[in-house]
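Residue numbers 10 to 407, in the numbering used here, belong to the letters of the sequence shown in order.
Misleading hints may appear alongside valid ones.
Just the calculated beta-carbon pair ranges, DEER-fashion [said to hold, decoys possible]:
1. D263 - P124: 51 to 59 Å
2. A354 - A97: 37 to 45 Å
3. A31 - A321: 40 to 48 Å
4. A22 - R116: 34 to 42 Å
With a straight-line Cα cutoff of 25 Å, these simulated BS3-like cross-link-like pairs (lysine-lysine) come out [unchecked claim]:
5. K376 - K173
6. K277 - K195
7. K32 - K376
8. K277 - K173
Simulated from the structure, these hints should not be mistaken for lab results. Where is the CB? At the ideal position from N, CA and C, for every residue including glycine.
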Amino acid sequence: MATSTATTAASAADPRADALQAKTRRQPLTAIGLMSGTSLDGVDAALLTTDGTRTTAFGPALTLPYSPAFRAELRACLGQRPQSAWQAIIEALTDRHADAVETLLARAGGAGTGPAGIDVIGFHGQTVWHDPEHRETIQIGDPQRLADRLRLPVVADFRTADVKAGGQGAPLVPLYHQALATDLEKPLAVVNLGGVANITWIGRENGPGQQILAFDTGPGNALIDDWVRATTGEAFDADGRLAQSGRADRTRLDRWLAHPYFRQPPPKSLDRDAFAGLLAELHGLTAADGAATLAAFTAATIGRARAFLPQAPRRWLLAGGGRHNGVLAALIAEAVGAPVAPVEAVGWRGDALEAEAFAFLAVRALKGLPLSLPGTTGVPAPQPGGRLWLPSATAPAA
Numbered sequence: 010m011a012t013s014t015a016t017t018a019a020s021a022a023d024p025r026a027d028a029l030q031a032k033t034r035r036q037p038l039t040a041i042g043l044m045s046g047t048s049l050d051g052v053d054a055a056l057l058t059t060d061g062t063r064t065t066a067f068g069p070a071l072t073l074p075y076s077p078a079f080r081a082e083l084r085a086c087l088g089q090r091p092q093s094a095w096q097a098i099i100e101a102l103t104d105r106h107a108d109a110v111e112t113l114l115a116r117a118g119g120a121g122t123g124p125a126g127i128d129v130i131g132f133h134g135q136t137v138w139h140d141p142e143h144r145e146t147i148q149i150g151d152p153q154r155l156a157d158r159l160r161l162p163v164v165a166d167f168r169t170a171d172v173k174a175g176g177q178g179a180p181l182v183p184l185y186h187q188a189l190a191t192d193l194e195k196p197l198a199v200v201n202l203g204g205v206a207n208i209t210w211i212g213r214e215n216g217p218g219q220q221i222l223a224f225d226t227g228p229g230n231a232l233i234d235d236w237v238r239a240t241t242g243e244a245f246d247a248d249g250r251l252a253q254s255g256r257a258d259r260t261r262l263d264r265w266l267a268h269p270y271f272r273q274p275p276p277k278s279l280d281r282d283a284f285a286g287l288l289a290e291l292h293g294l295t296a297a298d299g300a301a302t303l304a305a306f307t308a309a310t311i312g313r314a315r316a317f318l319p320q321a322p323r324r325w326l327l328a329g330g331g332r333h334n335g336v337l338a339a340l341i342a343e344a345v346g347a348p349v350a351p352v353e354a355v356g357w358r359g360d361a362l363e364a365e366a367f368a369f370l371a372v373r374a375l376k377g378l379p380l381s382l383p384g385t386t387g388v389p390a391p392q393p394g395g396r397l398w399l400p401s402a403t404a405p406a407a
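Construct all of the structure, not just a fragment, from the sequences and the given hints.
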């Protein structure tokens, strides 16, 4: 994980780490998960209690939006390796995550959970570079700075171990989907519509032998958002209204869908901007027709993903910010040939889902449990991951 200072994870010999890991063997932990996704909307934060296999209690959740100016600063970092000039951005990003935790704790305090009741923070950071073919994935953020400000243990660097072991490093949320889906009808498909779209397929049988498959299907919201921002100045296509007023260009769609990625079997994953060059091919289209074409592209790539699923899902659920786009949801339903529903239909918290997942994964990391499986990232064997940072002894108390 790229940080603003030369920070290192906690030593395995640190008695505080030993005490925390001993606690994981005795009881569930209360964790806060933090996620800043490729849509660059802001920091999602969620509190839950979990033993790393199931969640026993859900606390409050929130999103702390980024300002337009800070969002633009982060966007300028995407697709690049970290540079020394980024120190201020990394520190500001980390501080916004700390702000989100403090705001969440203020809310949780009313329910009897204050900082003293939190065992660990799961800090994903902001992905700026993802190239698993060369065994590289980079998330920026400073776990030590976060631990020192909050005076709480922080687990971060969730993806590196998987990528170094030969996995795709993404997606990581499927194990949390699996934990939530124990009582749901299966086979089940969960489509996450973030900047990149991905799918989790969960087989019929619960238990250790349950089949699970996950991979990135193609662009999610990123291209639509970037097009809408460039042509209208709006941050995204609210409710899909722009796309609804346009007409998809079939010639462009057919050309894009011929890309070899969509024929490539999983495991596979994408960087946010892997298909960013397609935006230039929309030259000459109206804003509405461009939005319609991109929405149809996202839906069609999800439809193509069905070919790789072991069995047809009995149910399709939509997660991520794109689930709010009714036009996109309707296009996906048409592409997969089945009804789709937002995850709220089964009682999941859609806006908090990824933050919850990194709270869950932080506890799994402390217990040495796998964060990824051969079916979710293509890693050769179930792969633990994440590293622990503890507050510095010299850091001021919060």
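Hint check results:
{"no.": "1", "hint": "D263 - P124: 51 to 59 Å", "in the structure": "holds, 55 Å"}
{"no.": "2", "hint": "A354 - A97: 37 to 45 Å", "in the structure": "holds, 42 Å"}
{"no.": "3", "hint": "A31 - A321: 40 to 48 Å", "in the structure": "holds, 45 Å"}
{"no.": "4", "hint": "A22 - R116: 34 to 42 Å", "in the structure": "holds, 36 Å"}
{"no.": "5", "hint": "K376 - K173", "in the structure": "holds, 20 Å"}
{"no.": "6", "hint": "K277 - K195", "in the structure": "holds, 23 Å"}
{"no.": "7", "hint": "K32 - K376", "in the structure": "holds, 10 Å"}
{"no.": "8", "hint": "K277 - K173", "in the structure": "holds, 15 Å"}
Checked against the numbered hints above, the structure breaks none of them.
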